[in-house]
Each structure stands twice: as C-alpha cells, then as structure tokens.
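Trainee: Use these hints to put chains B and C onto chain A, whose structure you have.
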Amino acid sequence: MRITCPFCGERELGEFTYLGDAKPVRPVAGASEGEVFDYVYLRDNIAGVMSENWYHGGGCRAWLKVTRNTLTHEISAVEPAAGVGAAKVGA
Amino acid sequence: MKYSIFSLARAALSGHKNWQRTWRDATPKDRYDVVIIGGGGHGLATAWFLASEYGIKNVAVLEKGWIGSGNAGRNTTIIRSNYGLPGNTGFYELSMKLWERMEQDLNYNSMVSQRGVINLYHSDAQRDAYARRGNTMRINGIDSELLDLAAVKKMMPFLNFDNARFPVQGGLLQRRGGTARHDAVVWGYAHAASELGVDIIQNCEVTGFVRDANGKVTGVETSRGRIGAGKVGMAVAGSSSRVASMAGLRLPIESHVLQAFVSEAIKPLIPNVITFGAGHFYVSQSDKGGLVFGGDIDGYNSYAQRGNMPVMEDVCEGGMALMPMIGRVRLLRQWGGIMDMSMDGSPIIDKTPVDGLYLNAGWCYGGFKATPGSGFVFAHLLARDESHAEAARFRLDRFRSGAVIDEKGQGAQPNLH
Amino acid sequence: MAGNQKNRLTSGGLIDRSASLNFRFDGKSFSGFQGDTLASALVASGVKLVGRSFKYHRPRGILTASSEEPNALVELRTGARREPNTKATTAELYEGLEAASQNRWPSLRHDVMSVNQLFAPIFVAGFYYKTFMWPAKFWEAIYEPAIRRAAGLGRAAGTADPDHYDKAWAHCDVLIAGSGPAGLAAALGAGRSGARVILCEEDFTAGGRLLSDGGMIDGLPAADWLSRTLAELAAMPDVRIMTRTTLFGVYDGGTYGAIERVNDHLPVPPEHQVRQRLWRIVAKRSIVAAGAIERPIVFAGNDTPGVMMASAMRTYVTRYAATPAKRVALFTNNEDGWRTVETALGAGLQIAAVVDARPDVSPAHRSLASKNGFTVLHGSVSGVDGGKDGVRKISVSLTGGARAEVEADGLAISGGWNPTVGLTSYHRGRPKWRDDIAAFVPDGAPPGMVAAGAANGAFGLGACLREGFEAGTMAARDTGRTGNAGSTPVADDEIFSLAPLWHVAGKGKAFVDQQHDVTASDIELAQREGFESVEHLKRYTTLGMATDQGKTSNVAGLAIMAAVSGRTIPETGTTIYRPPYVPVAIGAFAGHHRDETFHATRLTPSHHWAAEQGAIFVDTGLWKRAQWYPRAGEKDWLESVTREVKAVRSGVGFCDVSTLGKIDVHGPDAGAFLDRVYINTFSSLAVGKARYGLMLREDGIVYDDGTTSRLAEDHYFLTATTAKAGLVMQHLEFCRQVLFPELDVQLTSVSDQWAQFSIAGPKTRDLLKEIVDPAEDLSNEGFPFMGAREVALRGGIRARLFRISFSGEMAFEISVPARYGEAMARNLMLAGRQFGVTPYGTEALGVMRIEKGHIAGPELSGTTTAADLGLGKMMSTKKDFIGRVMAGREALVAPDRQVVVGIKATDKARRLRSGAHIIPKGQTPGPGNDQGYITSVCFSPTLDQWIGLALVQRGRERIGEIVHAHDPLRGEDYDVELCNPVFYDPDGGRQRG
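Residue numbers (the working numbering), protein chains in the order written: chain A, 1 to 91; chain B, 1 to 417; chain C, 1 to 993.
There's no promise every hint is true.
Not everything, but these chain B residues come out facing chain A in the computed CB check (under 10 Å) [unchecked claim]:
#1 Leu13
#2 Ser14
#3 Asn18
#4 Ile253
#5 Ala304
Pairwise CB distance ranges (calculated) [what the hints assert, rightly or not]:
#6 Ala686(C) / Ala29(A): 41 to 49 Å
#7 Leu622(C) / Ser7(B): 22 to 30 Å
#8 Pro668(C) / Gly14(A): 47 to 55 Å
#9 Arg434(C) / Arg101(B): 22 to 30 Å
#10 Gly566(C) / Gly15(B): 19 to 27 Å
#11 Asp124(B) / Gly633(C): 22 to 30 Å
#12 Val49(A) / Pro359(C): 38 to 46 Å
Straight line, CA to CA, 25 Å or less: simulated DMTMM-like cross-link-like pairs of lysine to aspartate or glutamate [stated by the list, open to error]:
#13 Lys137(C) / Glu145(B)
#14 Lys908(C) / Asp124(B)
#15 Lys624(C) / Glu145(B)
Derived from the structure by calculation, the hints contain no laboratory data. Glycine is no exception: its CB is placed at the ideal position from the N, C-alpha and C atoms.
Same shape as in the complex, but just chain A (with noise of 0.2 Å):
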C-alpha cells in the first residue's frame, strides 16, 4: 500500500501507523459513561469504503484521514487531521 501524504507525497506503508475508523467523534466534556463506551469500544467496521486515522510516524508526524476500501485496498482520498495546519496544504 501506498499513501500520498499531503505534506511529503506518495509515500511507502512501512512509514505510516494505522489508528482506525476516523468517524467516531470523540464525546465532549460531560458525556455519559454509555456515550464514551460508544465511542472507546463499539465499530462499524466496515467492508468497503471507510475512513481512517493513520499516522506518518516514519514522516512529517501528520494524521492523515485516508479514504479506502477494506475489500481492495484502495486508497481513493488523503487528507490531513484538522489539526495539522490544513491551511498550509495546496498554499
């Protein structure tokens, strides 16, 4: 696999750490115990087009959203956390 990484380009698997489903959102300050459950420990899981966190540890230490496909592989969209200065991207 092969990701293009915003900030560095296309990029070798061996460089990146996989989080997981990007989709969960964190619960806000407050949340009940069954909201952060939710959240900590229940997944889709899906088999097919997902959105994930990963991470270019062997990089530029962005988390990057990658778009792929769980049943090909194939990655169809790459974008940085909102954290990562996105306004830098494409600039």
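Mentor: Showing chains B and C alone in chain A's frame:
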C-alpha cells in the same frame, strides 16, 4: 463408516470404490432446533458437541462457501493453553484437554501433535512476565516450565546464540502444546457431526435474520431459502460484524488481516513450536515438511484476505534473526485470513441483546487452538441458555463494565493485540 | 574432460563450447558448458534418473526445462550452502557444481523406501486421516516421527546461512514480466514512447520461447531479431532489463516483489557481494508477459523418466544442443506439439511415432510422417513400459478400440498450454475459461496490470508481438509518455488447433501432481468422499501444494474433478492463486536484518565513555544502556550494584537517562492541552516548576508517566518513559491534530537533542557547583525540590536543570545538547572525583526506585488503573481528560482489585523473584485464591534484604499481613509480609533536603 487401518485395508481390496462421503451433502430442512452460521472449526465443533454432549441433533451448520474456508483453513495450526489471565487460562486448558482426545472422539486423525510450544525470552522483564504467566498455568493445573539458556540451547541448538541482536536468555515451555492438522479438524468434526444427524449445508449464505413480532430471531434467510430455527448461533469469525449488523448489532470488533507463510517441504528441521520474543515470528514444521510461520497482523482493517510486503519482510527478518539456518529455505506460499480482533484481545461467547441470537466471535489470533473448547462451551450456551463456567468471563458486556481480559495490556486498540 | 556428453549435438545451441565446466551429481563427475543448466548438462550426459517422488519413491527424471519442474529437484551445493529442492532445470551450471538427489536411501538407483509402492493400495489420498489413531499415545511416539522422516524432500543445511542478501527499491512507469516476444515487444512499445521501463526475466538469458522455438520476425530469424531488439533496448537509458529476476508477487498501490538471483550462478558470491536481492518495485503500470506453461496429459506411467513435455524437449535440443532421447515418440492433442517432431528431425533424431488424440492431422504433417518414415496413430498413450533407466515402450489405445505399441526411448507430451495467470490473480481474482484454447485466461487484474501474449491466451508469435507492443505503448500513454513508438514487430501466427484431453484411462498409476504423487484415482477418491470443492480437493489430496505450486498439475487435476463430478471445468473453478510465483529464499526477505543488524542499535550520548569504564550493557528496546559498572575484584553483578547504590545514598552518583522521551510543548494553549492528556493539572504549574504526571488511555488504564516542567508561560518540557517515548509522541500528536485541533499548541520531539543525566546523592549539590556557572543559585531556597529552569554551565553552555528525584535522594537531572553528552559524563567524573562520584547503571536505578516505591514498567502493565498504582488521588475531578469516563467503570473501581503494595520476605535471607504469585497464608494454591503476583524485586542494600513490589488484591488494606509467595516454576514457596511500598525515607526529607 468407521475409519481404521482395517477398513482401509478392506477398502484397498475393492480399489477404494466403497468409501462414503466424509459428511452427508445435506439439503436444508424447513426448520432446525439450532442453526449455526459458519461451517468453520468452531461452528462444526459446536454442532458436534450439541449432538454428542447435549442430545440436540436437529442442528444445521450453514456455510457460505466450502467448510473450513475461513480461518480454520488459514492458520498456523498451533495449539496451546499458555494464557495468563483468569477467563483465558481455564478456557484454553479445557480446549487443550479436548484436543487430547479429539481423534478418538471423532474417529478422524487430526494429527494432534503435542511436540511442545516454547516462548523465548530475551530480557529479565520478559522472563518475569513469563514467570508470572507460567505460575498462573501451574496454579491452574496446566503444565509449564521455565527454561534457562542452557536448557534452550540443548533443546534448540540451531538458534542464533552467537551474534544475536537480542540474545535468547531462556523460554517458557508448555510440552503439551503443539500443532494439529487444521483441515482435518474441520473434516473430523464434519464427519462425526454428520454421523450424529447434523446437517452440513455448504454454499448456503445467510442473507438476513427472520424475527418475530417481539424481535426474537426465529430463523435465517439464506441463498438457499428461509430456514427456521429455535436458536441461531453465529460462529463466523472474520465476518462477525457483517453478520451481526444484519441483526442491528454493532460489535467491539475490527477485522484485520493476518498473514501466514509456508516454506517448501524439507526433512525434519524444527522439532517443536517456537515463538521469538524479540521480533514477530513463530514457527513449526508440518508433518509434510513445510515450515509454517507467521507474525503480526498487518495492522489495518481489511477484508481482503491478503497482506502486504512490510509484514512479510518483518516476519522473515525475525526468522533469520532467530534461526539463520533458514536463509536458504524457500518461502512457498503466503496467504491472509481475516481476524476478528476484539477490543481486549479475548473472545466473546455470549447471548446477544437480540433474543434467540447467540454470538461466538472476537478470536483474534486464538481461534484455531480454541476450536474444541469453543465448540463445547458454545454448545453449552445454546443448549442451556447459560454460559459454561469456563466461558463465563467471555461476556459481551465486559467492555461496558470494564471486566476486560487484556493479556497484552494494549487496551481498546485491536491492532495492538 | 570428465564424463561423457554422449547426448550432446556436435553443433548448435546457446552454449559456449569453449567454456567447459565440470560438475558432480551424486558424487559422479560430469561435464557441461557455460550456458547449460544442471538439467541440460544431465540430459547431455545421458542421465535420465534424477530424483525420487515424495510418497512412493518412484524414479523420476526431468519433465520440463523451466521453473515449473516437479521432478528434477536436487540438493545443490554442500555444507552450510546446501539448498534443498533446487530445480535442476533452473540451476545454472558453474565450475565445480555439486548436486545430490533427494529423498532416497541408500542411493538413487537403489532406494529402500521404494517399498512404499507395495503399500500404494493403502497409501491413497488422505489415508492418514483414517488411521494412526490408536493407541492415542503412539502418534507422537511412533507414527508421527516416521511420517515426518519420510516426508519432505531435501535436507536444509541446518547451519547458519553464510551468504548475504540485499533489499532494494526501484520505481518505473512500466514494469514487464517476461522477455519473450510479448515482453520484448512491450518493452519496445513502452521504451520508444519514452517510459521508464523495467523488464524482469527469470531466465539468465532474455528471449523466452524465442530461444527454443525460433520463427521469423520482421523478416529476420528470431535470433537476429532478438539481438537487434536487445541492442535497441540497451541503448535506451530508461529501459532496464533484469535477467535472473523473477517477479513473484503484486501488492497494493502498484508495489511488486521481485527476486534477483545475483550470484547463484557462481559457486560462492564474490567478496562483499550478495547472493540474492529482493526488489520492491513501484510501477504505475505493469504488463504480464510471462507466457504459458505446456501441460501434460495424465496417463499410466506418465512419470517414467524419459517422458518429457514436448516444448521442453525442443528447448533441450535447440537451446542446449542436448538430446533427451534418440528415438522419440510424441503424444499430442494439438498442433503445437508437432513442432517437437520438426525439431527432433532437424537434430537428426528418429521419430518413433506420433500419437495424436485429434480426429484429423493436417496433410502437411502426414507428408512429413511419410517422408521421415514414422507412423501417425490416432488415439492416446495409455501406458509406458520403462523404469529408472527410462522409457522402453509405450502402449497406445487407438481410436476405435485397437491397441498398438511403439518402441521409443523418449516420449514428448503436449496437452496444450496454460497461460501464466498467477500474477494477474494474486489479488484473489479468478481467471476465466476459454473454450477455444481449453484454458484459463486472466479475467481482470490488480489495478494497473494487464496481461499480454501467451499469458493472455494469445499463443501465436504474431499475436504475442502485437499484444505486447500494444500493451507497452498503451501503458506508456497511461503514464504520460507519448513518444513515437514506431511500428509493431510482425510475424505469422501459427495454427493452434486443440482437442481437449486431460486423462487417459488405463492400468497403473497415472500422475497428476508428480511431485506429491497425486494420481487420477486419488482425485476420483476425493470426489467420492465429498471433497469436490477445488479447495477441498487441494487440501485433501495435496494437489498443487508441492514446490512447483501445481504449475503443471492444477488444471489437469480440476479437469479430472470436473469430469468425475459431472460439472464443467469453469463450474469446478480454480483454487485461489497465491504468491510467490516461484519459491523465494527466506533470507532474501530478511536482507541484512539478521544477527547484530537485525534491528538498529541506539547508543546513549555517554555510551562510548561507559564502554571505556567497562560497563555491562543491557538492551532496552533498541537502546544499549549501561546496566552496571563492574570493578576489579567484584564477584558478581549484585556486588557491583550494591556498591553503586550505597555510593549514591552516601555520596553522589550519576546515570545517563537520555533514553527518556522528551517533548517540547509550545503555545498559548500548552497548559490546557496538558490538562487534557494528563489526569492531573498542569495549567496551574508555576513557571520554573516540575510536576509528576500520569496519562491514561481512553479506556481508563494508565498509559505512561513522567515529569513535566514549565520552562516559560507558553513552554513545557514533557518527559515520557523510555519504552513509550515514540508512542507518547504519536498519542500526543493525535490529541493535538485530531481530538483538539482548536488548541494552539505545537509539539517537538527533542529526545535525540538532549543528553540527560540524573545526579543523585547527598553530595549532588557539591558536584553540581563544580559544573554549573557559580552565578546560578543552587541552594534549597534558590532551587527547591521540583524546581526546573535553564542554567548556564561553566564555559557558557546552556543546560536545563530539574530538581527531581527517582532515587529518593537529593537529586537533579541535567540536560545538555546531545553533542555534549559524552563530555558531560567525563566532566562529572573529573569534577566529582573529590566527592567519590560513582557512575551507576539501570540496575542501581531500579533498586533505588523500588526502595522508594516508585512504579515502573512492570507495574505499568497496561492493565492497571491510577488507583491500582496508589495514584488515584491525582485524578482531577474538575476537568475532562483522556480516559476519565472509562476509568470510572464498575470493574475498574471495584474494591477487590489488585493494587501495588510493598513486600518483604519474613526470612531476611530469602531471595525474592518477580513472577511469584501471592496466595493467602495457609491455603493451597488454586485459581480461586490466586490474589496477585510480585512485579518487581531487588536486593536492598539499605534494608539489607530482598524487597519488592507486588500487585495484590486489596493490598493496601492488608499492610502487615503475612501472605504466601508461590513460585512453582522455580520450585519456591515462602512467606512475605505486605508492607508500605515506600521502603526508603517515607516522608521524603532526603529528596527535599
């Protein structure tokens, strides 16, 4: 038909023309007391134990493809009961005891080979962790030995003791651990279950659940029509989330790819099952002569049943670091299976919130060795509607309560278990 | 010249007759030429018997001339370089080559195990599943060892591989597998268009079937066209042709695996050179021009030495000028097989007969037969009379029922061709069936890949060139290379007329998978027993699982299954194709990652100084850390470590702690950020102060701990444990970038930028005064406990100084730029001489932390909560932080959890060991009363006895209780007292002093 050297000799006289099918090719009936989804080792073992232990013989096992086409046919064939946490320790030992009588139970030679499983340690901290685990095993009546360097050298003189980056210091040995012929386990359970009246239905994909007005599951829709059921058990590791979602359930499970590898067949080289402690590599040699080895999961969610090169290289690096004698042995085949990676690395065997639907899932790497035990306790749950004592901790709600069983101590991140 | 190349033609072939090579097979001397394979040299020398089969130990010869060979496997080389199961058909001959046959005893000709053939009626597919079950104990003791000894073919060396392997990356626009007509045409099309091209050819010479089958291309004889084309390609700077390189797999994102046999054609790799190189090739497009493999027809005795694929026979005659037989019979079901007749006649061989399974034979062939005096028989070969010395006679069932016999010493067979669909199917694609050629062809392929030529089912030479050229040109266009590709090479297309025939019924064993001894009747048995799915068939009979991966057997096997189960071949389907295309040495996948270079080694800034001191080093992750510093006369590690601890506690010592993770946290929201990732509060920390922090995972379990200091209003310096250094950075970046993007904060890993030393002991301040600029106030008031700030050192270097203590002593940690780390160690030794300064290692560090009751790795096990560690009160109730909610779950706050407690043996002389379990005194150990375990132990010089920390159920409520330590693994049982984990200076006066 009973299998033995005598029946073989008799069959030879007639040119082997009289052998029957190993299991009946069943046509689905309208209704069964229990329908098990998944014709892998676990599903078939469940059916056999339902019929043989619990007297429930009106059972169907539904398999989407051919039996054993999932992880039962795609693993590194290791059996062991060297777990350290309550819940796992007793369960895997129950399973080990069932392995020890499997051939006689089933009248099928699944080649259970108790050749010993050793986990090597390379540091004091690792030794201490193994000591803790080995002592747990002993306290639970399970065999376990802590070997020092001299004992490891004597047992495996071919390891790299001279110039290793992380020198071997010793190992935790379970002599009763070993390997079994994975496909034969599937066929053996299918054979024995079929003899007791269980219907094994291949090429039968479940496409939905039939629910009554109260939401209770009363059957399944399949590619071969609707089949009614008193209870439905899911044993579809790798596809648990997909099947459970048809009943509206979300599970604490991710599907990941685990690769495995086999070398060309060579004369006996490695006598036991060896797990490297300073890299990702475990190996045994099949009776046919191939080195069967593997390592970590690739690390990303996948249903593709194939992996990528970094893990393949990582595994071979571990192998060469541990036993540089395998450098010229050739890797013959690589394959990938879908692992049901649970959130604490341990399985789930429980009722679900949906009445009539029972779950057997989340096996991570441990599915093959668990086969007979899993079948036994799942049959118990289906027959008695309560957990078997040795599976009482494999509850679905343990993640909600916090009573997780986390051998690796990695928390709710499946790809680290 | 040793040996006698009696079957070598006097002229022709692509061998260098001026370079004669001597070799040995089974101890006997032979000779061949440069350009030979081991197989061709054996053919030239008249050797027919080359190996024994897996199960029945049947004598076997050479079936093919390429990597699909099932039979001619040898142990190549000797000693540590012995390579089992090496295909003689691909092993290049070199001077002094040594090879031995396999799976026979005492010799190839007289193999005792061939007695197995007598038991063949019982040794059918899967027989072992039906027996060897009684008595149960006999499996491991008797049956299995016997089976294991019998199984497997060659013997591995059993000693470390002395050769080196390399791994490399390559990038290109167009990657081509195969250098036959299709592959070369593809390279021309792509190369002329301006694409960067890599072409991999597994053979040692480019050309593919052109080398054996010739033909006319662009009006030139194939050999001339080949040299012209290779010259043209060689002149293109962006085209690279890699011979001896097999493309074995395709992975995601256009990544391909290839193995280059760099030096396998030499006895030993030249000095400083590798044996093989693993290539990871990244290609935008790829073209599989890997050709096709001729397939056998299954009939009784088809495994007799001397039975050979028709195309292989042409290869031996044409390419190697070696004649496998003098009087050749051909059994074919297609037009292509007849080319072997033409080749044989051209080499002056006799044709005994042609057995053609088709109803009609062309007039041209008939006239060829009458002109050369051989008969054409319509029918099938149903038996072979022969043995280890080869074929003597073949039996033919004629169409219409009559029988005939033909005397011949060689039988060429051609059952048609199977396109090489492996690479196109490795992403679990299934090939599709084409009736007109009775073969599977690719049906789609992984992204970016196409098949061309014979690999795509186009068997004619002209078609191969056209398809290859078009694929090459199109692939180049797809990658934006639009140069003038010129015109397609032109050749005629041969007629390929085939009547499918898979299996000829007859008496005797008819082999489908020759290496695994799978017969046609085994497949019938598998069907009878319900193993009808091709995957079941494969697993039950082991069809296609041998080292040849079923290249010559799979399709025939499933065709026979289709016939007996009443299905068509496409209904029966294929098994899943799995890489690698050819077996690849495990060593190549490892490359240089073995021995000391298995993983990188990280050295601390003071490493070389510590080594000079004679330090013993311990592996901590990738780090080498000084474990202790032995001195002359000390009898063991314990004596050294005890001395180091005493020296610190009574004077001063120092230890390199640079391996800690170090992160600079900058920004106006730095404090708010840390409040969210730590359970305690950091926004309230005063500038110039340090605070111990604890992080949880989101599931409420402790993740890591460390001291974090506030160096300025908007600047914190965070430390993480050595083990988690990289992971904490990743976690914090996740928090910053993904969870809390609204916070204005930046993280910088400075782990490698700072050398950090812990200096501890009552004389610490005295020593520091020698190092630090005198203007800096180090007094207890000027630099109190938990103070942290930048200071100047004597000489002006800026350092960070932290008054923190892991040992429980008066202590500082000092950070200097990493390049000064070694100098710092030397200076501390020099300046500290007057105070008796003692360097100490990780063991003494560990002893002092246990004495002080500090938690470390063994307690941070990934299953303990803050409360388990005695740090529950640190959890702020006034803010949200990672893990807060899940930490409150029922089972994580249960009162009977195992919590950290101190332990000491009731017998002061007793040594403790980590991993022992805690059982209530007086009870028999069992699962019901296993209440915890010892996590860390040490000999405490301060208390003069072994002490430890343990995780024990309700441990803190049980201080003073005597419990039982149970350690059956090491045969130890003893009593210990549960006690306060802080053994040393519990009120902390020393560290604050």
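Trainee: Of the numbered hints stated previously, which ones are contradicted by the structure, given in increasing order?
Mentor: 1, 2, 3, 6, 7, 8, 9, 12, 15
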